[in-house]
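Line by line, the protein sequences are chains A, B, C and D. For the first sequence, the working numbering gives the first residue as 1, with consecutive numbering after it. For the second sequence, the working numbering gives the first residue as 1, with consecutive numbering after it. For the third sequence, the working numbering gives the first residue as 1, with consecutive numbering after it. For the fourth sequence, the working numbering gives the first residue as 1, with consecutive numbering after it.
Every clue listed holds true.
Just so you know, same-sequence chains aren't split out, so a pair can sit in one copy or run between any two.
Simulated crosslink set (DSS-like; lysine-lysine; CA at most 30 Å straight-line): (1) Lys21 to Lys248; (2) Lys28 to Lys79; (3) Lys210 to Lys248; (4) Lys221 to Lys39; (5) Lys108 to Lys17; (6) Lys39 to Lys87; (7) Lys28 to Lys249; (8) Lys248 to Lys17; (9) Lys39 to Lys108; (10) Lys4 to Lys87; (11) Lys17 to Lys249; (12) Lys79 to Lys21; (13) Lys39 to Lys4; (14) Lys210 to Lys239; (15) Lys21 to Lys108; (16) Lys231 to Lys79; (17) Lys87 to Lys17; (18) Lys210 to Lys231; (19) Lys17 to Lys239; (20) Lys108 to Lys221; (21) Lys108 to Lys231.
No lab work stands behind these hints: they were computed from the structure. Being a predicted model, the structure only gives us computed values, none of them experimental.
Protein chains: 4
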Amino acid sequence: MANKIRVTVWGENVHEKDMPKVAEIYPKGMHGCIADGFKEDPDFDVRIATLDMPEHGLTDDILATTDVMTWWGHAAHNKVDDHIVQKVKTRVLEGMGLIVLHSGHYSKIFRWLMGTTCSLCWREANERERIWLCNPAHPIVAGIEGPYFEIPQEEMYGEPFGIPEPSETILIGHFEGGNVFRSGCIFLRGNGRVFYFQPGHETYPIYHQKEIRLIIRNAAKYVAPRGGVWKDNAPHIPKEQAPDPISKK
Amino acid sequence: MANKIRVTVWGENVHEKDMPKVAEIYPKGMHGCIADGFKEDPDFDVRIATLDMPEHGLTDDILATTDVMTWWGHAAHNKVDDHIVQKVKTRVLEGMGLIVLHSGHYSKIFRWLMGTTCSLCWREANERERIWLCNPAHPIVAGIEGPYFEIPQEEMYGEPFGIPEPSETILIGHFEGGNVFRSGCIFLRGNGRVFYFQPGHETYPIYHQKEIRLIIRNAAKYVAPRGGVWKDNAPHIPKEQAPDPISKK
Amino acid sequence: MANKIRVTVWGENVHEKDMPKVAEIYPKGMHGCIADGFKEDPDFDVRIATLDMPEHGLTDDILATTDVMTWWGHAAHNKVDDHIVQKVKTRVLEGMGLIVLHSGHYSKIFRWLMGTTCSLCWREANERERIWLCNPAHPIVAGIEGPYFEIPQEEMYGEPFGIPEPSETILIGHFEGGNVFRSGCIFLRGNGRVFYFQPGHETYPIYHQKEIRLIIRNAAKYVAPRGGVWKDNAPHIPKEQAPDPISKK
Amino acid sequence: MANKIRVTVWGENVHEKDMPKVAEIYPKGMHGCIADGFKEDPDFDVRIATLDMPEHGLTDDILATTDVMTWWGHAAHNKVDDHIVQKVKTRVLEGMGLIVLHSGHYSKIFRWLMGTTCSLCWREANERERIWLCNPAHPIVAGIEGPYFEIPQEEMYGEPFGIPEPSETILIGHFEGGNVFRSGCIFLRGNGRVFYFQPGHETYPIYHQKEIRLIIRNAAKYVAPRGGVWKDNAPHIPKEQAPDPISKK
Numbered sequence: 001m002a003n004k005i006r007v008t009v010w011g012e013n014v015h016e017k018d019m020p021k022v023a024e025i026y027p028k029g030m031h032g033c034i035a036d037g038f039k040e041d042p043d044f045d046v047r048i049a050t051l052d053m054p055e056h057g058l059t060d061d062i063l064a065t066t067d068v069m070t071w072w073g074h075a076a077h078n079k080v081d082d083h084i085v086q087k088v089k090t091r092v093l094e095g096m097g098l099i100v101l102h103s104g105h106y107s108k109i110f111r112w113l114m115g116t117t118c119s120l121c122w123r124e125a126n127e128r129e130r131i132w133l134c135n136p137a138h139p140i141v142a143g144i145e146g147p148y149f150e151i152p153q154e155e156m157y158g159e160p161f162g163i164p165e166p167s168e169t170i171l172i173g174h175f176e177g178g179n180v181f182r183s184g185c186i187f188l189r190g191n192g193r194v195f196y197f198q199p200g201h202e203t204y205p206i207y208h209q210k211e212i213r214l215i216i217r218n219a220a221k222y223v224a225p226r227g228g229v230w231k232d233n234a235p236h237i238p239k240e241q242a243p244d245p246i247s248k249k
Numbered sequence: 001m002a003n004k005i006r007v008t009v010w011g012e013n014v015h016e017k018d019m020p021k022v023a024e025i026y027p028k029g030m031h032g033c034i035a036d037g038f039k040e041d042p043d044f045d046v047r048i049a050t051l052d053m054p055e056h057g058l059t060d061d062i063l064a065t066t067d068v069m070t071w072w073g074h075a076a077h078n079k080v081d082d083h084i085v086q087k088v089k090t091r092v093l094e095g096m097g098l099i100v101l102h103s104g105h106y107s108k109i110f111r112w113l114m115g116t117t118c119s120l121c122w123r124e125a126n127e128r129e130r131i132w133l134c135n136p137a138h139p140i141v142a143g144i145e146g147p148y149f150e151i152p153q154e155e156m157y158g159e160p161f162g163i164p165e166p167s168e169t170i171l172i173g174h175f176e177g178g179n180v181f182r183s184g185c186i187f188l189r190g191n192g193r194v195f196y197f198q199p200g201h202e203t204y205p206i207y208h209q210k211e212i213r214l215i216i217r218n219a220a221k222y223v224a225p226r227g228g229v230w231k232d233n234a235p236h237i238p239k240e241q242a243p244d245p246i247s248k249k
Numbered sequence: 001m002a003n004k005i006r007v008t009v010w011g012e013n014v015h016e017k018d019m020p021k022v023a024e025i026y027p028k029g030m031h032g033c034i035a036d037g038f039k040e041d042p043d044f045d046v047r048i049a050t051l052d053m054p055e056h057g058l059t060d061d062i063l064a065t066t067d068v069m070t071w072w073g074h075a076a077h078n079k080v081d082d083h084i085v086q087k088v089k090t091r092v093l094e095g096m097g098l099i100v101l102h103s104g105h106y107s108k109i110f111r112w113l114m115g116t117t118c119s120l121c122w123r124e125a126n127e128r129e130r131i132w133l134c135n136p137a138h139p140i141v142a143g144i145e146g147p148y149f150e151i152p153q154e155e156m157y158g159e160p161f162g163i164p165e166p167s168e169t170i171l172i173g174h175f176e177g178g179n180v181f182r183s184g185c186i187f188l189r190g191n192g193r194v195f196y197f198q199p200g201h202e203t204y205p206i207y208h209q210k211e212i213r214l215i216i217r218n219a220a221k222y223v224a225p226r227g228g229v230w231k232d233n234a235p236h237i238p239k240e241q242a243p244d245p246i247s248k249k
Numbered sequence: 001m002a003n004k005i006r007v008t009v010w011g012e013n014v015h016e017k018d019m020p021k022v023a024e025i026y027p028k029g030m031h032g033c034i035a036d037g038f039k040e041d042p043d044f045d046v047r048i049a050t051l052d053m054p055e056h057g058l059t060d061d062i063l064a065t066t067d068v069m070t071w072w073g074h075a076a077h078n079k080v081d082d083h084i085v086q087k088v089k090t091r092v093l094e095g096m097g098l099i100v101l102h103s104g105h106y107s108k109i110f111r112w113l114m115g116t117t118c119s120l121c122w123r124e125a126n127e128r129e130r131i132w133l134c135n136p137a138h139p140i141v142a143g144i145e146g147p148y149f150e151i152p153q154e155e156m157y158g159e160p161f162g163i164p165e166p167s168e169t170i171l172i173g174h175f176e177g178g179n180v181f182r183s184g185c186i187f188l189r190g191n192g193r194v195f196y197f198q199p200g201h202e203t204y205p206i207y208h209q210k211e212i213r214l215i216i217r218n219a220a221k222y223v224a225p226r227g228g229v230w231k232d233n234a235p236h237i238p239k240e241q242a243p244d245p246i247s248k249k
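All chains should be built: construct the whole structure from the sequences, respecting the hints.
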């Protein structure tokens, strides 16, 4: 159907192969599970791309026909080819939506778009995360009841989070061990929208959780392009095409 | 004196050598002229660094003792070593102020900090630029009388300017041929402040102009660090150091 | 149809009665003309409300069933009842979209939402305004061809414009007499979106112009609510309802 | 000394009179204690103004000679005269710094400057607040050691906090009962800077605490005016004063 939102779920697909626990929680891969979350809603058309595919699964054709991309990576950020990252970045600036998940905070694509360290502090200790809503009626939290929801076990990500000030701070997380984090933020870059969403450590079944899937789907609708494609070309405007005359000097 | 603002004026120093006209307007180099502007004010301690110096003049020691850097480049953006750019970027995120001038919009350092194309449209036609003040009492325009000032001849830079929304839009330029441009903008990145300032095509004596020198000095005072140095280290916080106890699961 | 965007066009309806020229250009009132612009697109359901109606046409029922309101006022800002303005403001913060037109920059509703002077400089001299696009692919400028469009005659509004930094600067206008202005800006307030759009002096047929109608319609789609209604109630959370136990002290 | 920062500490001075516990903790009034915090640093010249003084202590002369104002109010927001609030607001937009403390979130001056509800959820239960730093090197947290500091007992203020997105999110608080809050935020309004700082419930000795006094002093230095005074006058620019000629139409 023409009006479906075309999502490409990008997964690093490394821990699924080198950590039995991850393979057990995510038999289809983390990307497979994230894709399943989109399949619960007929508004989406979903595809998968992974690091180990040719061109990391992100061919020009796939990129040109993607409305929203989700990005999960962790162990192999440096194995993602700069040339492909540049193409993804270009598509975001043209208007493609991007959802960066969890350890994707250190992906090339997120760091290149933010311009900052994207650093944080962290701890892996099976902590409950409680995520509070900063705007209870924001489209991204539609369907979440109450002022917060919880993730039973998550890796702690804590402030300071080295991001530019978001355009919208939507979620703030608190971890059992005490730390807080801006767990859901919107950034505008060129003609594109970027949503960073903290949850998703590989050793917990977080992408099976109902609220997480809901927020990712809501976010995809929120960052999906609504305008055109900004094709950047740094145009030279000949003097004769200037709208006003320019005096001789 | 301890409290002087330590400025490093970085210049590409290419057109000064390959274009006689530029050498004539700027016998000490464009960087030399920009540095002279700082020397008019005893609040500054100014040094010069250029592309052709070892490490482009930006050694660790120079970087560590620079409060504010100005950046002019054009023909040789790609000759600036990525490793040096990364070090400059790190210093900005730590707290160093940065003033990006004119064609520096396409420098690695500016594009890396913005995360966007930093593209614009352009025309070289000896046009008058009239620069309007969006906040007549902003520290960056202190000493500018009236609602605007003019540059007799400038290269046209026009919208769309591929930048993220600035933290402060301070100046909007209008060119004789009709185009408009956000000619003076502040961006916050990490613990650093970045000022982009449009004026400064190499074939016009723009950095000799009183208003331009004044605004660059004002901007240096505005982006100079007032806090500490944010040393990013993505710290791992051991479970025992969490402020609150974490239950066994 | 359930999914139409319900627009309420609010008009001051004063100049239509006290200035024959305005009545001639806008025989149905300026609001009538603006409403006609919406009627060109079946996605909208449009109603009119004016100052001279009971409750200025903005009853609780009308407000509760409005997705997007447009606001044009000039001579009678102070005749708009504070109580009604507060209700409109509450609806914006809950999620209703608002498009503030031209001299509406000095309306209570705009000033109350911005928190600033909303001041500008001005001149009434039949000037051509040329409006440049800062993002050529933004949904608000969909259908506008080329880097700018023109209004043959408009009142000049110039910088400094006393607004907080917009969330998105979309349009910059330039006037024949030389001034520039941020003519199209988005602001986020609570759960609502506000678009300020400069064009529309009462003595010119601006709301008949194709590009103006197109941008207003695009903007209405852009600021229309996509999430829920943020019902503010500053809730007291009893100690027993705190998610974590609080120690006795 | 000419270069001292002239601070006016505004206090409601109601609970000091109607609640013995407050009088006991703050024998000089909360304003007196806040003023004492400034007196620890010779960079400040500090004065006190309270609701019960003529013109609430905010005469034109006091306003004109104030660089930074701090504002604490709670029970009597509605007793603050609109006319005085408007004068304070004008001074902020001209360039005066403003620090809004704790329950001042609901003051007229803060709500008028923000344009939003400024609502939050709350609970009075003697909770420990732990305040995390989002930028450990920001001038406002200079001197705070470590990633957070604590207030032993504080009233809970929790998200959603009905503010526009800050220009800088500096502090995020977490309360013993579980809630989180953007406890330190910067907003730019006109030529002025506003810092909202959450701590300061009247029944706890919070303004005696070292870290709180330090942050308030740091913030005063950060929001103190560095430029000129933006005197708003919405100037009419006669046609003859337009920088460019306007054609007859």
